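Those protein sequences? They're chains D and S, same order as listed.
1 is the number of the first residue of the first sequence in the numbering used here; add one for each residue after it.
1 is the number of the first residue of the second sequence in the numbering used here; add one for each residue after it.
Be aware that one or more of the hints could be misleading.
[Stated by the list, open to error] Now the in silico label distances, taken between C-beta atoms and shown as ranges:
id: 1; chain 1: S; residue 1: 49; chain 2: D; residue 2: 233; range: 54 to 62 Å
id: 2; chain 1: S; residue 1: 16; chain 2: D; residue 2: 55; range: 39 to 47 Å
id: 3; chain 1: S; residue 1: 136; chain 2: D; residue 2: 229; range: 35 to 43 Å
id: 4; chain 1: S; residue 1: 265; chain 2: D; residue 2: 402; range: 57 to 65 Å
id: 5; chain 1: D; residue 1: 478; chain 2: S; residue 2: 15; range: 27 to 35 Å
id: 6; chain 1: S; residue 1: 204; chain 2: D; residue 2: 321; range: 13 to 21 Å
id: 7; chain 1: S; residue 1: 204; chain 2: D; residue 2: 336; range: 56 to 64 Å
id: 8; chain 1: D; residue 1: 225; chain 2: S; residue 2: 329; range: 46 to 54 Å
id: 9; chain 1: D; residue 1: 283; chain 2: S; residue 2: 329; range: 31 to 39 Å
id: 10; chain 1: S; residue 1: 335; chain 2: D; residue 2: 49; range: 42 to 50 Å
id: 11; chain 1: S; residue 1: 374; chain 2: D; residue 2: 235; range: 56 to 64 Å
id: 12; chain 1: D; residue 1: 49; chain 2: S; residue 2: 15; range: 24 to 32 Å
[Said to hold, decoys possible] Distance condition first, Cα-Cα at most 27 Å in a straight line; then the derived DSSO-like pairs of lysine-lysine:
id: 13; chain 1: S; residue 1: 321; chain 2: S; residue 2: 336
id: 14; chain 1: D; residue 1: 209; chain 2: S; residue 2: 209
id: 15; chain 1: S; residue 1: 209; chain 2: D; residue 2: 336
id: 16; chain 1: D; residue 1: 321; chain 2: D; residue 2: 336
Keep in mind the hints are simulated off the structure, nothing from the lab.
Just so you know, these numbers come straight off a predicted model, no measurement behind them.
All C-beta atoms in this analysis are idealised placements derived from N, C-alpha and C, irrespective of residue type, glycine included.
There are 2 protein chains.
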Amino acid sequence: MTSSPPPESLDPQDWEALRQLAHRAIDDGFDYLQHVRDRPVWQPVPESVVARLRGPAPREPEGAEHAYAEFRELVMPYPMGNIHPRFWSWFMGNGTAFGAVADFLAAVMNPNMGGGNHVANHVEAQVLDWSKEMVGFPADASGLLVSGGSVANFVGLAVARNARGGVDVRELGVAAIPRPLVTYASVEVHSCVQKAIESLGLGARSLRKVPVNADYEIDVRALEHMITEDRAAGRQPFCVIGNAATINTGATDDLDALATVCEREGLWFHVDGAIGSLLALAPQHRHLVRGIERADSVTLDFHKWLHVPFEAACVLVRDRKAHRDAFALIPEYLEKTERGLASGAHWFSEYGLQLSRGFRALKVWLTVKEHGLERFGRLIDRNIAQAQELAALVDAEPTLELVAPVRTNIVCFRFNPGGRDDASLNELNQELLIRLHESGIAAPSYTTLGEVYCLRAAITNFRTTSDDLALLVRAVVDIGRTLVS
Amino acid sequence: MTSSPPPESLDPQDWEALRQLAHRAIDDGFDYLQHVRDRPVWQPVPESVVARLRGPAPREPEGAEHAYAEFRELVMPYPMGNIHPRFWSWFMGNGTAFGAVADFLAAVMNPNMGGGNHVANHVEAQVLDWSKEMVGFPADASGLLVSGGSVANFVGLAVARNARGGVDVRELGVAAIPRPLVTYASVEVHSCVQKAIESLGLGARSLRKVPVNADYEIDVRALEHMITEDRAAGRQPFCVIGNAATINTGATDDLDALATVCEREGLWFHVDGAIGSLLALAPQHRHLVRGIERADSVTLDFHKWLHVPFEAACVLVRDRKAHRDAFALIPEYLEKTERGLASGAHWFSEYGLQLSRGFRALKVWLTVKEHGLERFGRLIDRNIAQAQELAALVDAEPTLELVAPVRTNIVCFRFNPGGRDDASLNELNQELLIRLHESGIAAPSYTTLGEVYCLRAAITNFRTTSDDLALLVRAVVDIGRTLVS
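Generate the whole structure from the sequences, applying the supplied hints.
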């Protein structure tokens, strides 16, 4: 149709020049990923770079060319490191090259996934159906793509709170709930669950932390006892959270037993599977999450073991009505029409906090199609085998010791040359870890189990090889020896 | 360092082939944006396409080439439309080509912005500093990039709740707050604010809706009266929310007057500026948001008038300690170190719900550098001038009428050929809008003001020209005439 472009625009004056820049960005990005192994896993950001990243916002255009040159100089050389074969900190995926292309394509189309009749919502619906398949949820369950496990847990617990509060919690608030709601999770539950409970206004003290056994799995007897006690004290047990792989050690609670307790006691069963839900894809380890399919709500992260770039996760809720009832609010400017742009079956804004929502479904959809579910399952099994391999290397080193059983892909260990108490060893291992990071050789993280500080390698990495694990062990021993000598 | 890649990986077997695919994606994406004007603004998704987007997840790899071909065939042709020069629905930006490249680069580096010592956190810190500059906030204020206005409002109100609850709300929950907290906002407040209040456990009934004047701005006298009444009734007024441009009509409350009320009454002043905060950049209209710099917390959306691709928004909080106190929770596996990967000054996970966070800061940083703040200001002024232009075209058409005053960039109007009551006109205009969408010519949205359904054009579009507005008016009149004849 007619009309020339407006005189000033955010479209480029010269489309061809910007297109050439984009092609260079592709080559630079691909070089970066293809040769990531040749670079240090991590290096500190120089103070001179930090200084250049301070200062007022430009008033006048610098242009894409100049902005990109600064990106290449100041930003690209100092990544976090989780794209590297020897990064095993916290619990993160690598991302993929095609996943990055997907994010470009999503931003080109730039739909708003809050609602409306357009294809992107159908892509999200398919990704949600696939997610149900992955964990064995029924096809008529509900779901939502979200930023990560924290928000996924928040949404699941918000639905639980509103469905089980016994009053109209949305209208009347938490203070109107007759008997205080109590949630149960093991002491190993992720901190984001507590943040969700706090944000929902339930109060951290309403989250009862249940003891764990020697394998860091929830003590089901203790849980049952606490439920009985709370009922006797006039409180209202309403939700149990099962861990599908904990952040500290990768332990998975007995989800089947928890589901049985919840059924018997009439409690909402939420599974925090940010890490472990996708174990359901792994032929050799899916038994670990048996019972997950019985949950009322479950979370899974695509940016962990599916290696989709940040941010991409999912919450599934068995009871679609309860899910929608917790969040749907339809003002006059969001009324649906029967046809046209404002029609459509998928109004995802009615299932969570966000109204404007990006097309994160695309990278999940393309990634699953690129690789197929079975490859992800094999790679998860391999990461777990690599953890056993690392554990064996640690065992074989006289100066290293395991600090927790290795159940999945997380290895907690420390350097212990003998003759020192825990306090001294804690200090030693803290310095050792920092020097390991600074060496650029490998980046495990850390945790404290009981009173014991340990190095912690969470192997969620499709680039890791056996040689990488051997390099880690050698570097830890070398740095440890240097420190004590 | 040594080691060949593992036998099976999510890295491509053939890097060169995937690189070529990525170059094609760049060309396809650029063609798509460069020639967006030649396509319909919107078209329905064919049932055959919807059907192909159903089915089980692939078990075996389909490969990137096949996945991309399906994307091109099934997804790319059916966008929402907000990239098009004649899309004015709801309130959305267009996105930009360089912004899409930025999302590719962010996903290549794929850092986790929850914390740690790496450069991406410094980029976010700079973007936050620039955001403070934009709205006149002090340099030592706190802030966080979030997905959009909904979450930004949620964060701001969570901080307010916890800071002003009078008890340890995180630990004890909302039920422990002695006198019920009351929040005030005009009847025109966005629905996401109510969702935030509900999610925070305060109850929708604690959100008091204050009447508006004929310009849809909050009635400050009525607000003062309600505060007095609530205090007398034993409730605890604690927060006033000012609208910097409402979603229905673009009205902006008198923020300066609200700030004065809040100061005097000791209330938290939150500004929902998802739409309007960036008016502060616009030389001819920044007076509309005078007083925004006095807020305790303020939200702004980059994916609206900064045209950054979804999702990108920001919340600023004057009191850094209150902000951090509302969300910081540091378990053993997130303890900071003095040096190494786990050091660093910016742990953004301590300022919101998310632990894993993507590098959305990059697209904001690159976009601001590409264009400079002044260009955005000029484009905002132009959108508002275009709204006046559209209003004049509507005024000049005997069969069209304005339904609300045009204060910023939102024009609410309807087709009214005379001789019909509101109910009949509402029905007529609903069908008219759907046919307009189906024509592919233009996509305004709709709202209902009082009992009057109207078409609603929110011009947040750097591609819109005067000819586009004329086309809209002609199409509305033509379709309207067809419908009544």
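C-beta pair residue 478 of chain D, residue 15 of chain S: status relative to the range 27 to 35 Å that was hinted: 33 Å, holds
Please check whether residue 225 of chain D and residue 329 of chain S have a Cβ separation lying inside 46 to 54 Å. At 27 Å between Cβs, range violated.
Take a look at whether the Cβ-Cβ distance between residue 265 of chain S and residue 402 of chain D falls inside 57 to 65 Å. This hint holds: roughly 60 Å between Cβ atoms.
Check whether the Cα positions of residue 321 of chain D and residue 336 of chain D lie no farther apart than 27 Å. 18 Å, holds
Starting from the range 56 to 64 Å, see whether the pair residue 374 of chain S and residue 235 of chain D falls in it by beta-carbon distance. The hint (56 to 64 Å, Cβ to Cβ) holds, given that residue 374 of chain S and residue 235 of chain D are roughly 59 Å apart.
Regarding residue 49 of chain S and residue 233 of chain D, is the given constraint of 54 to 62 Å on their beta-carbon distance met? 57 Å, holds
Residue 16 of chain S paired with residue 55 of chain D, Cβ distance criterion 39 to 47 Å: Cβ of residue 16 of chain S to Cβ of residue 55 of chain D: about 40 Å, so the range 39 to 47 Å holds.
Satisfaction of the hinted span 13 to 21 Å by the C-beta atoms belonging to residue 204 of chain S and residue 321 of chain D: The hint (13 to 21 Å, Cβ to Cβ) holds, given that residue 204 of chain S and residue 321 of chain D are roughly 19 Å apart.
Pairwise beta carbon distance, residue 136 of chain S to residue 229 of chain D, judged against the given window 35 to 43 Å: Because 54 Å falls outside the window, the suggested range is violated.
Does residue 336 of chain D lie within 27 Å of residue 209 of chain S when you go C-alpha to C-alpha? 24 Å, holds
Measure nothing beyond the straight line between the CA atoms of residue 321 of chain S and residue 336 of chain S; if it is 27 Å or shorter, mark the hint as holding. 18 Å, holds
Between residue 335 of chain S and residue 49 of chain D, is the Cβ distance one that fits in 42 to 50 Å? Distance hint for residue 335 of chain S, residue 49 of chain D is violated at roughly 25 Å.
The structure is inconsistent with the numbered hints 3, 7, 8, 10 and 14, although it conforms to all the rest.
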